[in-house]
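If you read the sequences in order, they're chains A and B.
Here my numbering is used: the first residue of the first sequence is -19, the next is one more, and so on.
Here my numbering is used: the first residue of the second sequence is 37, the next is one more, and so on.
Careful, some of the hints might be misleading.
Stated by the list, open to error - Here are some, though not all, of the chain B residues that point toward chain A, as calculated from beta-carbon distances under 8 angstroms:
hint, residue
1, G127
2, L129
3, A145
4, I266
5, Y298
6, L304
These aren't lab readings, by the way, just hints derived from the structure by calculation.
All residues carry an ideal CB built from backbone N, CA and C; glycine is no exception.
Spelled out from the first residue to the last, the chains are:
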Amino acid sequence: MIRRFDPTLLILLVAFPILWVLPSGLKSYGLYVVSLWLVMSIAAMGLNLTLGYAGLTSLAQGAFLGIGAYATAILTTKAGWPLPAAFLASSGLSFAVGVLLGFPALRVRHHYLAFVTLAFTVVVFLIARNEQWLTGGVFGIANIPRPVLFGSDLGAALPFYRLLLCVTLVLALAMWWLLKSPWGRAFLALRENPLRAASLGVDIRAYTLLAFAIGSAYGGAAGSLYAPLVEFIDPAPFALSASFVLLLTVVAGGAGSFFGPFVGAFFSYMLPELLRATGGWYLIIYAAVVLVIVMISPTGLLGLIERWRDHRSQAKAAAARAAAAPTLGTAAGGTDSLGKGATQ
Amino acid sequence: MDQFLQLVVAGLATGAIYALAAIGFTLVWQTSQTINFAQGEFVMLPAILVLVGTHAGLPVWAAFAVASVAFVLLFGFGFKRFLVEPMQRHGVLPLAIATMALSVLVKEAAKNGFSAEAQPFPSLVPDGMLSVLGAAISARDLAIVVVAVVAIVGLQLFITRTRTGRTMQATAQNPTVARILGIPVERMILLTFLINAVLALVASYLVSPVYLAKFSNGESIGLAAFIAAIVGGFNQIRGALAGGFLIGLIDNLTAAYVSSAYRTAVPLVVLVVVILVKPEGLLGRKEERTV
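Just need the whole structure built from these sequences, with the hints factored in.
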């Protein structure tokens, strides 16, 4: 049996070569902005799994970004590890911390989980700011090296961007596979109706922890790439507001839809950079636009497209019915009411 | 001992501000089951508006009057009419997200539209120290506690003793039944939002002479008030009150005796413990709501 090719996979595989070639004409600042978009898409992808698919409201993704960034910065500058090893270690660390943080999530859900994760984020920020011996405190950690892989230096903006693109693709494919797997369906069941999921034999505890931990690991992975991208980190980008912005990113893009995080990250991280030309006003414009988006479409930008498509197909169907109606109407008086009943 | 007494009074003063803001969380929660993440910005903004007025050449009293009216209209009436009402049917999370966006908007607008620097704010209470049991206590701190307690007790009396107050409570507890009983639910909800705005206004005028008026004040006050509301009980005004004073005390005592670097962390630890042990808060009641 030939199965229909998954459109998500198709979009990923088509987008990859385009994104590989397209930014090559950009200057280093432009490449930095596109790279930032990729990194934040990874973080948002993780939060999308936690929030959009498993339905757990987390305000800790900014903290995991920080954990990944600091772990990588410390391991590469102080311990001299190569970036790939630091990347794996950072993601693994975030996964482990995610499991630990997930335990309260088993006890409390909804807004209380948001509160617990909020507390966690503030504590991580305070540690980053105050434990100078480890994190450099407010002075941060400088000179985070970019990687040398298989003898070739990926330090310049374009090769590093392409490396990020490859990592993003791999992580997106992993997420795609995860969501299609029975695990992914279990996450969805968990979000829709935990009670019914439990009655169908889904181990709620294990899946809640797993969704949380994998989402966190993506956050850590993003942080681990963020550190060499900016080459200098301090606590500020990982404060509570970072977690808020990541949440806005996922919701504005479309929580629970595969490409939502990419659209959202474009919106939250690339657009403000493009708006920087407006001086100090870019965050105001950004916040106002987010406000308008959630007010128009609480399911995010992709939700808006979905709705528009539904609307159009409905309009098309209505037009088809209208075109068909005269012949039916002349054929028999009763068909009209029947047709109406079927469409309701 | 003297120092301890001083810290307690200072803690109560801080706590009074937190309580005023925390009550705002509970009021919005009761009427729309959502968290207003812009609550801290609501406390930051009135003081900035007053300063905008004085910089524009208004006399101080006029600046206070104009700022107060403008704020209550914008963030009492406008907030309900143009944000909460249209968003409410979409559920709790989109509305919470919208308030996050609003908080960024208000904060950045204050920063760019007015000033990124902390500004001195005219105090309504004269400076000075009172000597109580050998401890030097600032008159301002004392005044903050008194004004806040009067405001909160007044609110509590209004809600429990007057007809309008009781109708408001009925609306908060069950809007559907309230509507059947002929209570003008919409007007009651609007009243709740206006009260929230007035409390934020009072908090703003009390805190700004001490902390200076700054665009980023909302972050710290909002977070502390938020913790206070949860610790005390999100659905109870007296819970918010107790939580406010408790967090204010913990905040000041931690800074003095434990570590000033981690003063924000200790209330958070209290928060997490309370959530895990008694999620409805110390004085909160369990909500029989199917989610």
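Violations among the numbered hints: No numbers; nothing is violated.
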